[in-house]
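Asker: Residue strings, one per chain:
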Amino acid sequence: MRNLSAGPEQGAGEPRAKKPAAEERGRIVLSEGAPRPLFFTGKRPKRDRHSRRKVAFFHFRNYEPAFKYFTERVLDADFVPTPAPTRATLKRGEEMSADYVCTPFKHIIGDYAAALDRGADVLVQVTGFCRLNYYGELQEMILRDAGYDNFQMLNFSYVPTGKLRDYVAYCKKVVNPNLSVPRGIGGMLGAYRMVEHIDAFRDQYLANAGFEAEKGSFTRVRRAFLSDMNAASTTAQVDEGYRRAADALAALAVEKPADPVRVGIVGEYYTAQDPVSCLNLEEKLMSMGVELSNAMSISAFNLHYNAAAAQASIAEYSSYDMGPTSTFNIAAAKRYAEAGYDGIIHIKSAGCTPEIDVMPVLQRLSRDYRVPVLFLTFDTQTSDAGLDTRLEAFYDMIAMRKVR
Amino acid sequence: MKAYLGIDTGSISTKGVVIDEGRNIIARSYLWTEGDPAGAVRRVVDDLRGQIDLDEAQVMSIGTTGSARRLVGAMLEAQVVKNEITAHAVGTTFLHPDVRTILEIGGQDSKIICIENGIAVDYAMNTLCAAGTGSFLSSQAHRLGVEVEEFGEIALTSEKPANIAARCTVFAESDLVHKLQVGYEKKDVIAGLCRAVATNYLNNVGKGKKIESPIVFQGGVSKNVGVVRAFEEALGQRVIVDPDGHLMGCFGAALLAADAPKLRAEPFRFDIDHFDFRTREVVCGHCANHCEIVCVYRDAGLIDSWGNRCDRGAIKVG
Chain R
73 MRNLSAGPEQ GAGEPRAKKP AAEERGRIVL SEGAPRPLFF TGKRPKRDRH SRRKVAFFHF
133 RNYEPAFKYF TERVLDADFV PTPAPTRATL KRGEEMSADY VCTPFKHIIG DYAAALDRGA
193 DVLVQVTGFC RLNYYGELQE MILRDAGYDN FQMLNFSYVP TGKLRDYVAY CKKVVNPNLS
253 VPRGIGGMLG AYRMVEHIDA FRDQYLANAG FEAEKGSFTR VRRAFLSDMN AASTTAQVDE
313 GYRRAADALA ALAVEKPADP VRVGIVGEYY TAQDPVSCLN LEEKLMSMGV ELSNAMSISA
373 FNLHYNAAAA QASIAEYSSY DMGPTSTFNI AAAKRYAEAG YDGIIHIKSA GCTPEIDVMP
433 VLQRLSRDYR VPVLFLTFDT QTSDAGLDTR LEAFYDMIAM RKVR
Chain G
7 MKAYLGIDTG SISTKGVVID EGRNIIARSY LWTEGDPAGA VRRVVDDLRG QIDLDEAQVM
67 SIGTTGSARR LVGAMLEAQV VKNEITAHAV GTTFLHPDVR TILEIGGQDS KIICIENGIA
127 VDYAMNTLCA AGTGSFLSSQ AHRLGVEVEE FGEIALTSEK PANIAARCTV FAESDLVHKL
187 QVGYEKKDVI AGLCRAVATN YLNNVGKGKK IESPIVFQGG VSKNVGVVRA FEEALGQRVI
247 VDPDGHLMGC FGAALLAADA PKLRAEPFRF DIDHFDFRTR EVVCGHCANH CEIVCVYRDA
307 GLIDSWGNRC DRGAIKVG
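If you're matching them up, the sequences are chains R and G in order.
The first sequence runs 73 to 476 under this note's numbering.
The second sequence runs 7 to 324 under this note's numbering.
The set of hints was computed from the structure by calculation and includes no laboratory data.
Predicted model only: the values in this text are computed from it and were never measured.
A portion of the hints provided could be inaccurate.
[As the list claims (entries may be wrong)] Pairs of lysine-lysine, DSBU-like flavour, derived with a Cα cap of 30 Å:
#: 1; chain 1: G; residue 1: LYS229; chain 2: G; residue 2: LYS192
#: 2; chain 1: R; residue 1: LYS328; chain 2: G; residue 2: LYS185
#: 3; chain 1: G; residue 1: LYS215; chain 2: R; residue 2: LYS356
#: 4; chain 1: R; residue 1: LYS356; chain 2: G; residue 2: LYS213
#: 5; chain 1: G; residue 1: LYS268; chain 2: R; residue 2: LYS287
#: 6; chain 1: G; residue 1: LYS166; chain 2: G; residue 2: LYS193
#: 7; chain 1: R; residue 1: LYS356; chain 2: G; residue 2: LYS268
#: 8; chain 1: G; residue 1: LYS185; chain 2: G; residue 2: LYS216
[Said to hold, decoys possible] If you want the footprint, here are the derived chain R segments under chain G, 3+ residues with CB under 8 Å:
#: 9; segment: 218-224
#: 10; segment: 263-269
#: 11; segment: 463-470
Just so it is clear, CB atoms sit at the ideal spot from N, CA and C, and this is done for glycine as well.
Taking the hints into account, I'd like the entire structure generated from these sequences.
Answerer: Below is the structure:
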């Protein structure tokens, strides 16, 4: 029979040739020639064969410091910061996505490609209650088809049980077999705190930055805060950094009228928060002199959300939950209306079905509470002339109403 | 006598009015933009100049609106640069103080403004899609070989309007071709188109809005009696079309200019023909955003620029 395997052919009867030494590599020989002890297998244990992973997230508002903290303190891996998204990133994402997919998908896959170019080898994707569940799997396939093959996906939608034990096992498998659970829990706490602080800071920022006395002073404090958060490596530093920034923000001079124009923002999880996705809508509004509040944040929707209470509060408008953030948004809009906000802006990405379901309810709310609601849809368009017109008109309208 | 100038530069047409101190329109002009807002504004300004006596009416303030408001504002050194929604609301409520709903269909966009006690309380504007606007009607008129100005009259002669799918311009167009090919009369198809525009508007922009009487319909498409009829039938209410309805945007801009806190030091002499206005697009190379920055030059001097997203792309004027 012909020997089909590669390598030099061996005739019958010849002494068996020694296999090449490839497998010998890595074997530790204690003393040359001596028999090897039985308990020593020659293979290093798995934890020592592990090379540190380089983990990247997608960009999401200003949560990057928390992602970094999570990577370094919980996963115990290196963090690769995703480059600041630009038009080129978005174009890349567009090319790799179907036209009709939700817009965040395009942003995220563009970020992934940029992160892989920077040398990341693990990409993190999260899970949710809508098409977000399929993002990770789909994006992994698309990226592999595009020629990126040296990466792994840490895709939390692969952990269907939702149990901590399974999450730990999955992270150990993909990122770091040495992951320490006690240390990880400490790190989780710090990351949790950091997310809360970043959101608390943002709320304070949105409420007052439109009235800053010295131009650019709020941005300065925000930058300092985020770089503090980026540098923090213990929970104490996280808390300390926030306290310092919150004090600095409170100390800034503002020229705020007694009864400012107040606008509340609700909408789809990613687009409503992320300034790149919504063409800097918050900054545009604040530059007109508006007190802003944005209902959506990780703290508000993931950490401190009481779904049953939110559902109960909107019982007269919606009798059941219509998808990921619908109940949350209706409840938030109702809260804004009751608090006497002058206007509400509802933001969604093109093709976001759950948020389309929210719109008729908000229209009813708008009639009942006599508060105007502006509906905005964002796709990957880059021109913001149309957005400027709508925002200016919305501002003029609610400001004129207020004067009367 | 003090006078005020308002210019509304839209995608299809450019409108201008001059009003006197009593807020009466003393000169009006309506021309096609033809893809050249700067040139159209010159023609409108020339047209207005021929209608007034410069020594008597001194234009002390200028307001601009419409999608080219910023460019035109820079050219004319306008005191007020306002978005078209506010300008329309201001203009219409001045002429019709009791109006409750403004329907507006322009060349490229359509909007609805709800008004209570003379103040805008809610508005909506079409997003992402230009279905059912003036440019759709004019491209279909071209296909049918009729002038868009005659559209309405022809539509009124129809007794059985054809049923045209209104949801999307692309579908409406293929539906229209199909109807013609199977032998529908042209007037029935045209009437069907007018009806499609009204239905499309009410289903998209007007969705969820309470449309209450008195209703004012304006914008270029309001000159089309066929669409007016279609709106009246769909709403079951009378729809008011002002003879100056197409000028409401620039009238509103002129009213806002009249209330501007700071007027011009010198009256406007309608003499922009002496200057050469040019715009130049610069692509900022500071980051991968590649912002397109528009620079407006008057003769050789830069007078304004916009389009940058951050300070790195800011071009200093002066």
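Asker: Is LYS268 of chain G close enough to LYS287 of chain R, meaning Cα to Cα at most 30 Å?
Answerer: holds, 24 Å
Asker: With the threshold set at 30 Å, check whether the alpha-carbon distance from LYS229 of chain G to LYS192 of chain G stays at or below it.
Answerer: It holds: about 20 Å lies between the C-alpha atoms, which stays within 30 Å.
Asker: Check, residue by residue, whether the segment 263-269 of chain R contains three or more positions whose beta-carbon lies closer than 8 Å to a beta-carbon of chain G, and give the verdict.
Answerer: violated (count 0)
Asker: Taken at face value, is the distance from the CA of LYS356 of chain R to the CA of LYS215 of chain G at most 30 Å?
Answerer: holds, 26 Å
Asker: Does LYS213 of chain G lie within 30 Å of LYS356 of chain R when you go C-alpha to C-alpha?
Answerer: holds, 27 Å
Asker: Within a Cα-Cα threshold of 30 Å, do LYS328 of chain R and LYS185 of chain G meet the stated pairing?
Answerer: violated, 61 Å
Asker: Does LYS185 of chain G pair with LYS216 of chain G here, judged by a C-alpha cut-off of 30 Å?
Answerer: Roughly 34 Å separates the two Cα atoms, so the pair is violated.
Asker: Please count how many residues of the segment 463-470 of chain R have a CB within 8 Å of a CB from chain G and say whether that reaches 3.
Answerer: It holds, with 5 qualifying residues against the three required.
Asker: Does the alpha-carbon distance linking LYS356 of chain R and LYS268 of chain G stay inside the 30 Å limit?
Answerer: Satisfied, since the Cα-Cα distance of roughly 25 Å is no more than 30 Å.
Asker: Is the hinted pair LYS166 of chain G and LYS193 of chain G satisfied, with a Cα-Cα distance of at most 30 Å?
Answerer: Between LYS166 of chain G and LYS193 of chain G the Cα gap is close to 9 Å, so the pair holds against 30 Å.
Asker: Okay, the segment 218-224 of chain R and chain G, do three or more residues pass the C-beta test at under 8 Å?
Answerer: Not satisfied, violated; 0 residues make the cut.
In this structure, the earlier hints numbered 2, 8, 9 and 10 are contradicted, and the remaining ones agree with it.
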